[in-house]
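Participant: From first to last, the protein sequence lines are chains A and B. Residues are numbered in the numbering used here as their position in the first sequence, beginning at 1, plus a constant of 3. Residues are numbered in the numbering used here as their position in the second sequence, beginning at 1, plus a constant of 3.
A few of these clues could be false.
As the list makes no split between identical chains, a pair holds if one copy fits it or if it spans any two.
[What the hints assert, rightly or not] Heads up, simulated PhoX-like pairs for lysine-lysine below, C-alpha to C-alpha not over 25 angstroms straight-line:
no.: 1; residue 1: K105; residue 2: K44
no.: 2; residue 1: K105; residue 2: K90
no.: 3; residue 1: K306; residue 2: K36
no.: 4; residue 1: K90; residue 2: K185
no.: 5; residue 1: K106; residue 2: K90
no.: 6; residue 1: K198; residue 2: K8
no.: 7; residue 1: K256; residue 2: K33
no.: 8; residue 1: K12; residue 2: K36
no.: 9; residue 1: K305; residue 2: K90
In case anyone wonders, no lab produced these hints; they're calculated from the structure. Source: prediction; values computed, not measured.
Protein chains: 2
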Amino acid sequence: MTTIKDVAKHAKVSVATVSRVLNQKGYVSKEAKQAVESAIKVLNYKPNAVARTLYHKTSGMIGLMIPDISNPFFPELARAIEDAALKEGYTVVLCNTDDQVKKEQHYLHALQQKYVDGVILATGTDSYDHYLALNLPVVGLDRFVSNKIPTVVSDNKKGAIAATEHLVEKGCQFITHLRGPKGLAPADERYQGFKEVVETHGVAHIIVEADFQIERAEAVTRGLLQKHPTIDGIFTSSDVTAAGAMKAAHTCKRVIPDDLQIVGFDGIPFGNMLVPSLTTVQQPIYEMGERATQLLIQLIEKKTMDSYWHELPTTLIQRQTTRGGGGHE
Amino acid sequence: MTTIKDVAKHAKVSVATVSRVLNQKGYVSKEAKQAVESAIKVLNYKPNAVARTLYHKTSGMIGLMIPDISNPFFPELARAIEDAALKEGYTVVLCNTDDQVKKEQHYLHALQQKYVDGVILATGTDSYDHYLALNLPVVGLDRFVSNKIPTVVSDNKKGAIAATEHLVEKGCQFITHLRGPKGLAPADERYQGFKEVVETHGVAHIIVEADFQIERAEAVTRGLLQKHPTIDGIFTSSDVTAAGAMKAAHTCKRVIPDDLQIVGFDGIPFGNMLVPSLTTVQQPIYEMGERATQLLIQLIEKKTMDSYWHELPTTLIQRQTTRGGGGHE
Numbered sequence: 004m005t006t007i008k009d010v011a012k013h014a015k016v017s018v019a020t021v022s023r024v025l026n027q028k029g030y031v032s033k034e035a036k037q038a039v040e041s042a043i044k045v046l047n048y049k050p051n052a053v054a055r056t057l058y059h060k061t062s063g064m065i066g067l068m069i070p071d072i073s074n075p076f077f078p079e080l081a082r083a084i085e086d087a088a089l090k091e092g093y094t095v096v097l098c099n100t101d102d103q104v105k106k107e108q109h110y111l112h113a114l115q116q117k118y119v120d121g122v123i124l125a126t127g128t129d130s131y132d133h134y135l136a137l138n139l140p141v142v143g144l145d146r147f148v149s150n151k152i153p154t155v156v157s158d159n160k161k162g163a164i165a166a167t168e169h170l171v172e173k174g175c176q177f178i179t180h181l182r183g184p185k186g187l188a189p190a191d192e193r194y195q196g197f198k199e200v201v202e203t204h205g206v207a208h209i210i211v212e213a214d215f216q217i218e219r220a221e222a223v224t225r226g227l228l229q230k231h232p233t234i235d236g237i238f239t240s241s242d243v244t245a246a247g248a249m250k251a252a253h254t255c256k257r258v259i260p261d262d263l264q265i266v267g268f269d270g271i272p273f274g275n276m277l278v279p280s281l282t283t284v285q286q287p288i289y290e291m292g293e294r295a296t297q298l299l300i301q302l303i304e305k306k307t308m309d310s311y312w313h314e315l316p317t318t319l320i321q322r323q324t325t326r327g328g329g330g331h332e
Numbered sequence: 004m005t006t007i008k009d010v011a012k013h014a015k016v017s018v019a020t021v022s023r024v025l026n027q028k029g030y031v032s033k034e035a036k037q038a039v040e041s042a043i044k045v046l047n048y049k050p051n052a053v054a055r056t057l058y059h060k061t062s063g064m065i066g067l068m069i070p071d072i073s074n075p076f077f078p079e080l081a082r083a084i085e086d087a088a089l090k091e092g093y094t095v096v097l098c099n100t101d102d103q104v105k106k107e108q109h110y111l112h113a114l115q116q117k118y119v120d121g122v123i124l125a126t127g128t129d130s131y132d133h134y135l136a137l138n139l140p141v142v143g144l145d146r147f148v149s150n151k152i153p154t155v156v157s158d159n160k161k162g163a164i165a166a167t168e169h170l171v172e173k174g175c176q177f178i179t180h181l182r183g184p185k186g187l188a189p190a191d192e193r194y195q196g197f198k199e200v201v202e203t204h205g206v207a208h209i210i211v212e213a214d215f216q217i218e219r220a221e222a223v224t225r226g227l228l229q230k231h232p233t234i235d236g237i238f239t240s241s242d243v244t245a246a247g248a249m250k251a252a253h254t255c256k257r258v259i260p261d262d263l264q265i266v267g268f269d270g271i272p273f274g275n276m277l278v279p280s281l282t283t284v285q286q287p288i289y290e291m292g293e294r295a296t297q298l299l300i301q302l303i304e305k306k307t308m309d310s311y312w313h314e315l316p317t318t319l320i321q322r323q324t325t326r327g328g329g330g331h332e
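Just need the whole structure built from these sequences, with the hints factored in.
Facilitator: Encoded structure:
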C-alpha cells in the first residue's frame with residue numbers, strides 16, 4: 004500500500020509538507036503543492052482513514068443507540084438510518100442498550116474513544132445528563148431528550164385520536180386501551196389521545212397497562228374479555244400488543260371484526276401478514292430514521308438548522324380488524 | 004482530556020518512552036516504566052483508541068454484512084452478534100448490502116480504511132473473490148463462502164426432511180413446496196430435503212419458486228389452490244412465505260389445519276403471533292450469530308480453531324397449522 008512517505012519521496016518534499024497539503028493547513032508553496040498532488044495521482048495514494056480520524060478527530064461513523072434490534076419496530080428504523088448515513092458517506096455502529104443506563108454508558112465511552120461523529124438516541128432511559136455532558140452531536144429519535152437536542156418523533160397523540168375515533172365511528176360502545184409503559188412519552192401521548200376521544204363522546208372504556216410483549220398482551224386481553232363480555236373495541240399502543248389481543252380474541256371465540264374491533268399502532272410490516280390483517284396507525288418509520296440521520300449530519304457538519312422539533316404525521320390504515328375493511332365481513 | 008504529552012511531562016520522560024510503555028515494545032528502563040505507570044494512574048490517562056488503532060492496525064470493530072435488517076430473519080442474528088461482540092469488547096458496524104456486489108465493495112473499502120478487525124458475511128452474492136483477496140478475517144454465516152473461511156450454517160436439509168415427514172405423517176397426500184430462490188444454498192438444501200421425502204413416500208407434489216416476500220407467496224399460493232383443489236399440505240422455505248400462504252388459504256376459504264396443513268422454516272418470533280400459530284422448523288438463529296462472532300474473534304486473535312465447518316441443528320416446532328397442535332381443532 005502506498006504511504007505518505009512514498010508520496011513525499013516521489014514529490015521530493017517532506018512528509019510534513021504532504022500532511023499540510025492533505026489537511027489544507029499551514030503554508031505550502033505552489034510548486035510543492037503541485038508536486039504532492041501529482042504524486043498522489045501517480046501513486047494512487049489514498050489517505051488513511053484512521054490517520055485522518057486522529058488528525059481531524061472525526062471518523063465518519065455515527066452511533067445508533069436502540070433498546071433492541073429484535074423488537075420489530077427498530078429494524079426498519081435502523082435500515083433507514085443506515086441508508087441515509089451511507090448516502091452521506093457515514094457508517095453506523097449498532098448498539099443494543101436494553102434500556103440499561105450501564106450499557107449506554109459503556110457504549111458512549113467506546114464510541115467516544117473511536118471519535119464517533121455523533122449519536123442517534125432511540126432509547127428510553129430516564130436520565131440524559133450524561134448525553135448533555137458529552138459535547139458530541141446527538142439527535143433524539145422517538146424520544147424527547149432535551150430541547151437543546153434536535154428531536155424527531157411522530158404525532159402520537161393525533162394518531163391515537165384517529166384510532167379511537169375510528170372505533171367510535173364503527174359503533175364500538177365499550178373500548179379497551181392497552182397502553183404502553185407509563186413514563187414512556189410515546190405511550191403517554193397515545194393514552195392521552197385515547198382518553199380525550201372516549202371522554203368527549205362519553206364512551207365506556209377501560210385502560211390497562213401492557214408492555215410491548217405479545218404474551219403479556221394476550222394474557223391481559225383474555226382476562227379482560229372474560230371479565231367484561233361486552234367489550235367490543237380495543238386500541239393498543241403497538242402492533243405487537245394488537246397481535247396478542249387478536250390471539251386472545253381467538254381463544255375467547257370472539258370474531259374479529261364482527262364481535263370485536265381492534266386498532267394497533269406502529270404500522271410495522273407484520274400487521275399486514277396477520278389474518279385478518281390489522282387496522283393500525285402508521286408511523287412514518289423510515290422517514291423518521293432518515294430525518295434523524297440528516298439532522299445529525301447537519302449538526303456534525305455545523306450546518307444551520309431551522310428547527311430542533313420535528314413531528315412527523317401518522318396515518319390511519321384501515322384493514323380487516325375493523326368493519327368495512329374488506330375481505331373478512 | 005489528558006494526552007500522552009501530559010503523561011510524558013508528569014513522568015519526566017519523552018513521549019516516545021510513554022508510547023513504548025503503552026505498546027510494550029522497545030527498551031524502557033525500570034524507573035522510566037514506573038514513572039510512566041504512576042503518571043497514567045495519577046492523571047487517569049486513557050490511551051486514545053484511534054491512536055492505538057493507527058499503531059496496532061486494529062480497531063475493536065467488526066463489520067456485519069447482511070442483505071437487509073428489515074427482513075425479519077436478520078434482527079435476531081444481528082442482536083446475537085452484537086451481544087457476543089460486546090462481551091469481548093468489540094463493536095459492530097451494520098452494513099445492509101441488498102445483495103448488491105457494488106454496495107458490498109463500497110462497505111469493504113470503508114471498513115478496511117477504518118481498520119475493521121474482521122467481517123461477518125451473511126450476504127448472498129455470487130462472487131466471493133474480493134473477500135478472499137482481503138487478507139482480513141472473515142466468517143461466513145448462513146452462507147457457504149469458501150472452505151478457507153469458517154462457516155456457520157443450520158442443518159437446512161435435515162430440517163426440511165423433518166418438516167416434510169411431519170406433513171406426510173399428518174396425512175397429507177398432495178404437498179406443495181414453495182421453495183426459495185435457486186442458487187441460494189439454504190433454499191437449495193431445503194428443496195433437496197423436501198424432494199427426498201416426497202419421492203421416498205411416493206407422495207404427489209408440486210414445487211414452485213417464490214422469493215421470501217409475503218405478497219408473492221400469497222399470490223402464488225392462491226393460484227395453486229385454485230388450480231389444484233386437492234392440495235392439502237404446504238412446506239415453505241421461510242416463515243414469511245408461510246404467512247403469505249396462510250393469507251391465501253383464508254381468501255380461498257380453506258380451513259387450517261383441517262383442509263390444509265402448513266409448515267414454515269426459520270422460527271422467527273412472528274410465526275407464534277399468527278392465528279393459528281405457525282408450525283415451523285426452528286433455526287438456532289441466536290446461537291448461529293453468537294457462534295459466528297466467537298469464531299471471528301478467534302480468527303482475529305489468532306487462536307486455534309478445531310473446525311471451519313459449524314452446522315447447527317434445527318428443531319421442528321409443532322404449533323397450530325398442522326393437526327394435533329392444540330387450540331384450533
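Participant: Against the structure shown, which of the earlier numbered hints fail to hold, in ascending order?
Facilitator: Structure breaks hints 3, 4, 6, 7.
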